[in-house]
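Asks: Protein chains in written order, with our numbering: chain H, 1 to 266; chain A, 1001 to 1288; chain X, 2001 to 2298.
Certain hints may be false.
[Unchecked claim] Using 25 Å as the maximum straight-line C-alpha spacing, the simulated BS3-like pairs for lysine-lysine come out as follows:
no., chain 1, residue 1, chain 2, residue 2
1, X, Lys2278, H, Lys79
2, H, Lys262, A, Lys1006
3, H, Lys223, A, Lys1266
4, X, Lys2242, H, Lys79
5, H, Lys223, A, Lys1155
6, A, Lys1008, H, Lys262
7, H, Lys61, X, Lys2277
8, A, Lys1281, H, Lys186
9, X, Lys2135, X, Lys2242
10, H, Lys223, A, Lys1161
11, H, Lys223, A, Lys1006
12, A, Lys1008, H, Lys223
13, H, Lys262, A, Lys1071
14, A, Lys1006, H, Lys165
15, X, Lys2277, H, Lys79
16, A, Lys1006, H, Lys173
17, H, Lys186, X, Lys2242
18, H, Lys64, X, Lys2289
19, A, Lys1188, A, Lys1155
20, H, Lys91, X, Lys2277
21, H, Lys223, A, Lys1142
22, A, Lys1266, H, Lys262
[As the list claims (entries may be wrong)] Output of the computed footprint for chain H on chain X, the stretches with three or more beta carbons under 8 Å from beta carbons of chain H:
no., region
23, 2198 to 2204
24, 2283 to 2291
Source of the hints: derived by calculation from the structure; they are not laboratory data.
Ideal placement from N, C-alpha and C gives every residue a C-beta, glycine not left out.
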Amino acid sequence: MEIFTEHVNGIMIHKITIGHIHESGCTGCLAALMDNYQGIFTILDKYADLVYGLTLVDVRKIPKMDVALIEGSVCIQDKLATDEVREVRDKSSVVIAIGGCACSGNITRFDRGGQQNQPQHESFVPVSDLIDVDIFVPACAPTPEALRNVCVMTYLLLRGNDEQKALAGMYLKPLMDLARSPYGSKASFNTLMQEVINLGLCMGCGSCAAACPVRAITMEYGKPQGLRDLCVNCGACFSQCPRSFFDHELMEHHEQIMGMLKAVMQ
Amino acid sequence: MNVLGKYKSVVSARSTDKEILKASQDGGIVTSLFAYALEQGIIDGAVLAGPSSRPWQPQPFVATTRAELLKARGTKYNICPQISMLKEATRSYGLDKVGIVGVPCQIQATRKAQLYPIGMRDVPDKIALVVGIYCMEVFPYKGMQLIVEDHAGQKLQSVKKMEIGKGKFTVITERGNVTQLPLKVTHKYEQPGCHVCLDYVANTADVSTGSVGSPDGWSTVFVRSRIGEDVWGKAMAAGCFETKPIDQVKPGLEMVTKLATEKITKNQKTVDERAHFGVGKALRNPYI
Amino acid sequence: MAAPLGQYKMVLFARTTDKEILRGAQNGGIVTALLSYALDTGIIDGAVVAAPSRSKPWRGKFDPWRSEPIVAMTRDQLLSARKTGYNISPNVMMIKEATRSYGLDRVGIVGVPCQIQGVRKAQLYPIGMRGVPDKIALVIGIYCMEVFPYQSIVQIVEDHGGVKMESVEKIEIGKGNFTVVTERGRTIQIPLNETRDLEQPGCHVCLDYAATLADISTGSAGSPAGWSTVFIRTKIGDEVWKRAMQAGLFETKPIGQVEPGLGAVEKLAVEKITRNKKTLEDRDFIGTKGLRNPYITT
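Pulled out of the complex, with its shape left as it was, chain H reads as follows:
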């Protein structure tokens, strides 16, 4: 594929605009994005302008933007929040749910309210329960590398040449499918159980155990067992599993794609 050998830096003239929207989350996702260190400067220098972000940008009104990164789940008793996600959907071309809370509710699924001084704020849903979300980046916290990869691929999808668009589309497709699937927003260890193990797809590689942020998964006789009381519903195990999604055609080019990602981040 010629696409991988082309010098990508030269053609990236038109930056995209991105925003960070903070719903009920802990800012860990934003911290993970920032943990790309120099990489985040590269992204902001070359590819994207950050036009909105509670913690980083002094802008009060949500502007029109190309890409919205939403962190956190949405409290349905909080009208400000439910209105805000509608507005974000209206004003953004691509909505990306970043992190477990935005994708699948994560730890906020366990909320029952009762907290001073809004004890009635008790119901939290993942963003895709309320608006159409285009792309999921699950896990608690999402990894800096996953956020980097998705940011770069989204850039290519919006601004790349035809071949780059095709590649980015191929790369992002599984994460788009996840955002629309019936189990994406309900992900937990149970999803891994129901969609992989129970369906005879598990081959005991251990990706789930490595991905689990709370070490709830151990490999017993080579197979994953989950301590479901520890599971926070982040969805990392299911998404990381090579049997949740895996595009042979794309993965065959892993070396070139990794190379390209490294090159564009220089």
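Since the structure of chain H is already known, use the hints to place chains A and X on it.
Replies: Showing chains A and X alone in chain H's frame:
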């Protein structure tokens, strides 16, 4: 689909390291390559399948010395969740350049961890050398125990080597007893998850290897990526391996192609059949 | 939606003649007197009621205003459950337990409308309610506009009302106010529009005010102070009520003769149902996808 995947070169090879060869499954390729990479600082540790508290049950571990590498020689044919240690290698063990060996599905997991590092923080950029092993299927530990102890009638503790090849499951004991079972008998004990796998020769590894195609005591080695080419070239230059051109050995590449085609055809059929499982229902296809 | 007050055979004003019960009752002492009579006569052999919490301390002590379900099998236990707590008491949680650990064969239960819905669903769809459906002997419902999470009660009483929970003698909701009466006699009124936000959100999809599925339902609305309005709805309700009347347990007044009367109950029921129907409709427009309607299966 190209059943052998992309590769830059393929040869028949054997380690020149007598110590490694003594207990290796075939040509000692994996152990020698990692030993060389470790020595040269190409990797600072590797995730391997090592011994556990049960006989013949492997357990993933992180090897950071040659002595530890040697412990992982030999094929165990039952599940060893290597990838569960991949992140750990970069954390508790603090490795910056991780080597990993695995069967094709594990190599797929490694590459997915690099391209979609959902829960694999700090892993993608620290994978330094990925060595794949050909694989038709593996067995759950209990399935293998059943084969060895019930069908072959040997205690697992007494087994010196197991081999799958030429249509047979072969068990060799310390005392030299050789028991062979037709694979027809052992098929039903295979891990079901293996039956949807569409990769035989670890298509996405840097280097992949296995006995098939080469004479006894030798291995067939595919060098696939730029990294693989670089490491293999240096190891050759250092005299780690003796090689023969693949077209000059028997049974040769044809045999590898034959087995790869066989596995992929069979498993593609399983994947297709899953689409008509139950009445008007289907089981999920993991690749769509 | 059928009539806002549901089906009933009879409705009247009533007050218990039992002075001991009346002394600590929220209104006419109907629930306590009825369950006490049913217990005495073997109609029930125990009842699930909401009593002040004894199991979990709050801020290091047991709080009389935090409700928790108990299985009452004596008159003393029933008396401990008098008064309305206005906070969540998961009564239905104990109905299976009543037939198991407590070994009851004839269970009485008192609850707000949603809990009565839970009881009836447990009888008709006893998915996880083995041994329960045939052992429900008497179901008493209490009118309910909404309840509060306990933490909201604390916030209203202590932050808005400015008095300590420990000093509260009675809490009352009615006539547009949340009223707190302290032991020293101080009365604080907080307009309900100030407490609206603090209500349990789950209450806002409830379409039942007068516990239309109970055997007997009761509440203060419509009746003069110290009296209760009582709906007799089912055959069981009718029978138990008649026997209790014969035993001289209640004094009653016909509904037509006293202000504000049935009109007030209906007004509140319509108000609740209308408002909550709107909440249900509004849920369709939260986000761009809407939230699940619990009453429609798709």
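Asks: Return the numbers of the hints above that this structure violates; sort them in rising order.
Replies: 4, 7, 11, 12, 13, 17, 20 and 22
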